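Trainee: Kindly produce the complete structure, drawing on both the sequences and the hints.
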Amino acid sequence: MPNQGAWVRTRNYVFWIIGLLIVGIAIGVQLITKPPEIAPFDLLPPLIRGLATTIQLAVGGTLLALVVALVAGIGRASKNRLIRTVTGIYVEVFRGSSVLVQMFWIFFVLPLPPFNIELSALQAGILALGLNVGAYGAEVVRGAVQAIDRGQIEASVALNMSPGLMMRRVIIPQATVRMLPPLGNLMIELLKATSLASLITLSDVTFQAASLRQTVGRIPEVFGLLLVIYFFLAFPLTLGVRWLESRRQWA
Amino acid sequence: MLGWDWQFTLEILPRLLGGLVVTIEATITGFIIAIILGLFLALGRRSENQWIAQPIGAFVEFIRSTPLLVQLFFFFFVLPRYGLRLPAFVVGTIALGLHYGTYTSEVYRAGIDAIERGQWEAATALNFSPLRVWTGIILPQAIPPMIPALGNYLIGMFKESAQLLAITVTELMLTARVIGTETFRFLEPITMAGLLYFLLSYPSALIVQRLEARYARKS
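Top line first, the protein sequences correspond to chains A and U. If you count the first sequence from 1, position 177 lands on 177 in our numbering, and the numbers rise without skipping. If you count the second sequence from 1, position 190 lands on 441 in our numbering, and the numbers rise without skipping.
I should point out that these hints are in silico values taken from the structure, not numbers from a laboratory. Among the hints, erroneous ones may be present.
Example chain A residues on the side facing chain U (calculated, C-beta under 8 Å, incomplete) [claimed, not checked]: (1) Ile18; (2) Ser98; (3) Val101; (4) Phe104; (5) Trp105; (6) Val109; (7) Leu112; (8) Ile148; (9) Asp149; (10) Arg150; (11) Lys192; (12) Ile219; (13) Pro220; (14) Phe223; (15) Thr238.
Covered stretches of chain A (chain U as the covering partner; in silico rule of three or more C-beta atoms under 8 Å from a C-beta of chain U) [what the hints assert, rightly or not]: (16) 174-187; (17) 199-209; (18) 224-237.
In silico negatives: residues of chain A with every beta carbon more than 12 Å from chain U [said to hold, decoys possible]: (19) Gly19; (20) Ser97; (21) Gln102; (22) Leu159; (23) Arg168.
Just so it is clear, the structure is predicted and the values come from calculations on it, not from any experiment. All C-beta atoms, glycine included, are put in the ideal place defined by N, C-alpha and C.
Mentor: So this is what it looks like as structure tokens:
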């Protein structure tokens with residue numbers, strides 16, 4: 001029961017989480033009601049401007065990663081050898097180096113000959129995040145599809161289901177239950193990796209913080225706030241994943 | 252290949268390999284920090300004293316929920332404010348070790364949790380001291396099955412250490428980028444950097460997979 005254990009352990013230090021949530025809500029209320037002037041919070045408005053870009057990047061990257069993971073994951077489990085090889089090469093290439101390397105490649109190399117593909121920083125960021133996390137997601141999808149009991153497939157064949165119907169009604173519903181927690185973890189990794197797009201000139205939260213460092217100074221406050229912002233973005237996802245894991249046993 | 256200059260590739264290769272050496276140094280130093288710190292974090296989180304266990308738990312969650320890049324910035328820019336001026340490489344490896352230490356602590360915890368109750372009971376029955384229980388009974392059994400998971404994090408650190416470029420550590424990726432801005436040719440340096448990462452990480456991942464399979468067979 002290791003999964004249930006993770007949820008119980010989370011509950012054990014729940015008062016820390018509640019404390020942090022109260023601080024977060026206080027900051028939010030402060031921001032909405034009046035332009036904040038109290039020490040670190042006056043830095044929030046410029047940071048929040050970058051937050052929109054960060055969320056755009058995270059949502060775009062997640063959607064692309066999901067599509068790519070489903071296609072490549074099912075391809076990896078395919079009977080066709082060519083499809084298996086092509087998707088296998090994709091997965092290994094993108095897992096063989098980090099998002100940062102791939103982002104740089106897409107942003108710096110693609111616009112030059114022989115490719116001549118000009119992408120905006122946001123497009124390059126979404127593409128790199130989606131393709132990189134999609135490669136990890138493909139392995140999750142493959143594992144979940146392959147873990148389905150053969151009897152289920154045999155039963156669908158015996159019931160004369162078409163392959164499409166079998167996918168929709170038998171394989172995908174069962175695989176989804178298995179896939180959700182690990183895919184949720186990947187989404188957390190993706191969210192954290194969005195900060196790397198600041199290095200290809202995209203003005204996300206991290207980029208805004210880096211420019212605040214140069215204009216305003218107040219370095220501990222700027223980067224402290226930035227850490228807290230990322231924590232508030234990622235931690236609800238962490239709790240969601242744990243909740244899914246704790247429920248999985250009953251499914 | 253179209254537009255690929257082999258002559259140029261050969262010229263820049265020694266510089267890239269120099270960067271790779273820095274990458275490997277940062278990875279190994281960071282990994283040593285991570286495996287030592289991870290053990291202490293895991294033991295602290297298991298502590299019966301809630302004043303130790305809970306803050307450590309919150310710390311681990313916080314570090315895991317925030318990006319390595321932001322942590323690098325934080326340490327690199329904030330520490331000098333308090334008079335602690337360290338070379339970028341040192342700050343980078345400490346941040347890398349700290350970040351991955353929170354990940355390895357979870358590995359240790361899972362490994363320790365996997366030890367049967369009977370082992371603890373036997374140790375209690377034999378009246379062993381806590382130190383002897385840990386070093387003589389629990390850890391020798393818990394650590395070998397953890398090796399594949401720790402190996403995966405070592406590979407992860409090797410790849411993610413590219414982020415150290417943001418705080419001016421001239422590792423592989425920064426070397427590639429500097430060559431790019433000097434020569435206006437990005438194709439060869441960045442592709443070669445990616446290839447070097449791949450050439451080291453892919454075989455390592457295969458080794459870890461074999462180890463995993465071996466431990467899976469044993470249990």
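Trainee: Would you mind marking each hint as holding or not holding in the structure?
Mentor: Structure-based check of each hint:
Here the hint on isoleucine 18 of chain A is broken, as its CB sits about 12 Å from the closest CB of chain U, past 8 Å. Nearest Cβ of chain U to the Cβ of serine 98 of chain A: about 4 Å, under the 8 Å cut. The hint holds. A distance limit of 8 Å between C-beta atoms decides the matter here; for valine 101 of chain A the minimum to chain U is near 5 Å, and the interface restraint holds. Below 8 Å, beta-carbon pairs count as interface contacts, and phenylalanine 104 of chain A has one with chain U at about 6 Å; its hint therefore holds.
Below 8 Å, beta-carbon pairs count as interface contacts, and tryptophan 105 of chain A has one with chain U at about 5 Å; its hint therefore holds. For valine 109 of chain A, the suggested interface contact is upheld, since its CB lies about 5 Å from the closest CB of chain U, less than 8 Å. For leucine 112 of chain A, the shortest C-beta to C-beta distance to chain U is roughly 6 Å, which falls under 8 Å, so the interface hint holds. With a cut of 8 Å, the hint placing isoleucine 148 of chain A at the interface with chain U is violated, because the nearest CB-to-CB distance is about 20 Å.
For aspartate 149 of chain A, the shortest C-beta to C-beta distance to chain U is roughly 20 Å, which exceeds 8 Å, and the interface hint is violated. For arginine 150 of chain A, the interface hint is violated, the least distance from its beta-carbon to any beta-carbon of chain U being 20 Å, above 8 Å. For the restraint placing lysine 192 of chain A at the interface with chain U, the shortest Cβ-Cβ distance is roughly 4 Å, inside the 8 Å limit, so the hint holds. Hint status for isoleucine 219 of chain A relative to chain U: holds, with the closest Cβ pair at about 5 Å, below 8 Å.
Taking 8 Å as the C-beta contact cut-off toward chain U, the hint placing proline 220 of chain A at the interface holds, the least distance being around 5 Å. At about 4 Å, the closest approach between the beta carbon of phenylalanine 223 of chain A and any beta carbon in chain U falls short of 8 Å, and the interface hint on this residue holds. Proximity of threonine 238 of chain A to chain U holds as hinted, the smallest CB-CB distance being about 6 Å (cut-off 8 Å). Three residues within the 8 Å Cβ limit are the bar, and the stretch 174-187 of chain A against chain U gives 0, so the coverage statement is violated.
Under a criterion of three residues with beta carbons nearer than 8 Å to beta carbons of chain U, the stated coverage of the stretch 199-209 of chain A is upheld, 3 such residues being counted. Figure legend: the stretch 224-237 of chain A, annotated as covered by chain U; annotation consistent (7 residues with Cβ-Cβ distances under 8 Å, at least 3 required). The beta carbon of glycine 19 of chain A sits about 9 Å from the closest Cβ of chain U, which is not more than 12 Å, so the claim that it is off the interface is violated. Distance check on serine 97 of chain A: its Cβ comes as close as 4 Å (rounded) to a Cβ of chain U, failing to clear the 12 Å threshold; non-interface status is violated.
Some Cβ of chain U comes within 12 Å of the Cβ of glutamine 102 of chain A; the nearest lies about 7 Å off, and the non-interface call is violated. Distance check on leucine 159 of chain A: its Cβ is at least 34 Å (rounded) from any Cβ of chain U, clearing the 12 Å threshold; non-interface status holds. The beta carbon of arginine 168 of chain A sits about 32 Å from the closest Cβ of chain U, which is more than 12 Å, so the claim that it is off the interface holds.
The structure fails hints 1, 8, 9, 10, 16, 19, 20 and 21 (numbered hints given earlier, in ascending order).
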